[in-house]
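What follows is the residue order along each chain.
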Amino acid sequence: MSGLTLNIICGGNKGFSLELDCKVSAIGITAIYGPSGSGKSTLLDCIAGLRQAEPGSVIRLNNETWQDASFTTPVWQRHIGYVFQDARLFPHLNVQQNLDYALTRRPRSGNIHLNQVVTWLELDDLLSRSTDTLSAGQKQRVAIGRALLSAPRLLLLDEPLANLDHAARQHCLRCLQRLSQELQLPMLYVSHDIEEVSQLADHLLLLEQGRLVEQGSLLTLCSRLDTRLSHEEQAAAILTARVAQHDAEYGLSELTVDGHTLLVNHLPHAVGQSRRIRIPARDVSVCRHRPLDSSILNILPVSVVEIEDTNAARLLVRLSLGSQYLLARITRKSCVELELCIGDNIYAQIKSAALLMETTDPA
Amino acid sequence: MSNAELDAIYLTIALASITTVLLLILGTPLAWWLSRRRGNVPALLEAVVAMPLILPPTVLGFYLLLLFAPNTFLGRFWQELTGSQLAFSFSALVIGSVIYSLPFVVQPLQTAFERIPQNLLQAAATLGARPLDQFRSLVLPLSRRSFITAASLGFAHTVGEFGVVLMIGGNIPGETQVLSIALYDSVESLRFTEAHRLAGALVVFSLGLLFLLYRRDRQSSWRVRA
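Going down the list, the sequences are from chains S and P.
If you read the first sequence in my numbering, its first letter stands for residue 1, the second for the next number, and so on.
If you read the second sequence in my numbering, its first letter stands for residue 1001, the second for the next number, and so on.
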């Protein structure tokens, strides 16, 4: 039985309870997404054993049971890496000693080397530093390194980037992406930031008020009209694209999405690499005929898959582009005047600047 | 300095050292337990630990004397175990001192333990540290200063003990006659030169120790502010 099996009931304060029964893939990064108070951190604490789930709960990773009706494995025997929002470095130890703390206590089977971790997380210059001289981003990278060196079977990350500024956040995100490629280490990543989630995650668990609302692949869930995700202000479709060529003259790069071409601001990535792009619904408009004299470069033939049924002023339209999906948020008035119907072949206009080039897609 | 005085100094240092070691051994788990528990039982125990701070030492000494008498369970048990009487012995002084100085060791440790964030211990647990390992690798080094404070206060307070010693130890030179008793004895018999020596030594010792502790705290708090 592969994957993480969770059947958890855990009471909390003020009538809050977490009740969840699901299986999570043991490959890649699974994001746990939801508003604050939805039970995301409680879930991680239960998995780690820092919080005792109620009797009868079952927590199992592959063939190893951490909790069931008859027993509970203590935290220190679960071999879980846990990266907290507040890095929780040990203040009386310097960076090197914090890393050693994990190394000396890990099971003998651990095969992640200090050198690798130092390289991946760019810690060379920090090793001899005292922890109170580190910036928030540096602390978090040390905390991630320390968790990795404990040779975990599962890495839990609880909003590790929440306290970081933009630059430090991007740095940490790049490091995490590299890790998920280099290591066969399943990760559970708690966040309430959809941008972070769409850059990192392969799978998604949507939590609300302690209950699992949706579960599935990130790319599918993001473009569905019936989830909470698509109704947020920054709702966006996530697509995978390949870098086709660079246009140095105009400072643009050309991507292909299922045979269609997208032009975006010049990218540093090599031709042929696969990338994940995020196209916000509010930056996509639709038209019946291809405009011939528009300043918008990206006008793609799409077909209408689904139209949101609502009385609000704006609605969402789900469009298929090859085998992938786009979301467009348009006014209901436009939808009526264009007489949009499911199956219509129309054109989607995407503002070039709206194409955020983000993440390496783990193949 | 007379032999009796040297004996008293030696006895005092021995008593204070043994008491301090015992207090650290007993006080550390007790302080840890008190720092991690909520409820009535720990509160009551905390009050019991703090009692020597406000109770006249003679009260404590009186009850201990009754407890150590040869006709009590403890007294008889001790007699059978060691072949000698418990009351008016050096061992009785050690037991009395441990109880009398307990708050001076337990309270600084408890405060230090309470300041150690639970979330650091959680992080250590996820890195594979068992509870005893967490204590050794995190709690001890993080509360090192408080251990030094606790040991110093426990030692100094035992050196300065009088009422309890007088009640349960009597005044046997070389066995139970510690410095404070020797001082009392010399004043009673109007040997003021000797009294000056002993009293002066105690003042210098106490002042010196407290000065070192407070200077250390002051320096570190300056460093934090800087």
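Just so you know, these hints were derived from the structure itself, not from any lab.
A couple of the hints might just be wrong.
Derived, one-sided and incomplete: chain P residues facing chain S with beta-carbon distance under 7 Å [to be verified]:
1. Ala1123
2. Thr1126
3. Leu1127
4. Arg1130
5. Leu1142
6. Ser1146
From the structure, some residues in chain P lie toward chain S, with a derived Cβ separation under 8 Å [what the hints assert, rightly or not]:
7. Leu1120
8. Gln1122
9. Ala1125
10. Gly1128
11. Ala1129
12. Ser1180
Where a beta carbon is used, it is the ideal one built from N, C-alpha and C, also for glycine.
We went through each hint and held it up to the structure:
This hint holds: Ala1123 (chain P) has a C-beta 4 Å from the nearest C-beta of chain S, less than the 7 Å allowed. Checking Thr1126 (chain P) against chain S: minimum C-beta separation of about 4 Å stays under 7 Å; hint holds. Taking 7 Å as the C-beta cut-off, the interface hint given for Leu1127 (chain P) holds, the closest approach to chain S being about 5 Å. For Arg1130 (chain P), the shortest C-beta to C-beta distance to chain S is roughly 5 Å, which falls under 7 Å, so the interface hint holds.
The restraint placing Leu1142 (chain P) at the interface with chain S holds, with a minimum CB-CB distance near 6 Å, inside the 7 Å limit. A hinted interface residue such as Ser1146 (chain P) counts as satisfied when its beta carbon comes closer than 7 Å to some beta carbon of chain S; here the least separation is about 13 Å, so the hint is violated. Interface hint status for Leu1120 (chain P): upheld, as the beta-carbon distance to the closest one in chain S is roughly 6 Å, under 8 Å. Hint status for Gln1122 (chain P) relative to chain S: holds, with the closest Cβ pair at about 5 Å, below 8 Å.
With a cut of 8 Å, the hint placing Ala1125 (chain P) at the interface with chain S holds, because the nearest CB-to-CB distance is about 4 Å. Here the hint on Gly1128 (chain P) is kept, as its CB sits about 4 Å from the closest CB of chain S, short of 8 Å. A hinted interface residue such as Ala1129 (chain P) counts as satisfied when its beta carbon comes closer than 8 Å to some beta carbon of chain S; here the least separation is about 6 Å, so the hint holds. For Ser1180 (chain P), the interface hint is violated, since its Cβ never comes within 8 Å of a Cβ in chain S; the closest pair sits about 39 Å apart.
This entry does not satisfy hints 6 and 12, going by the numbered hints stated previously.
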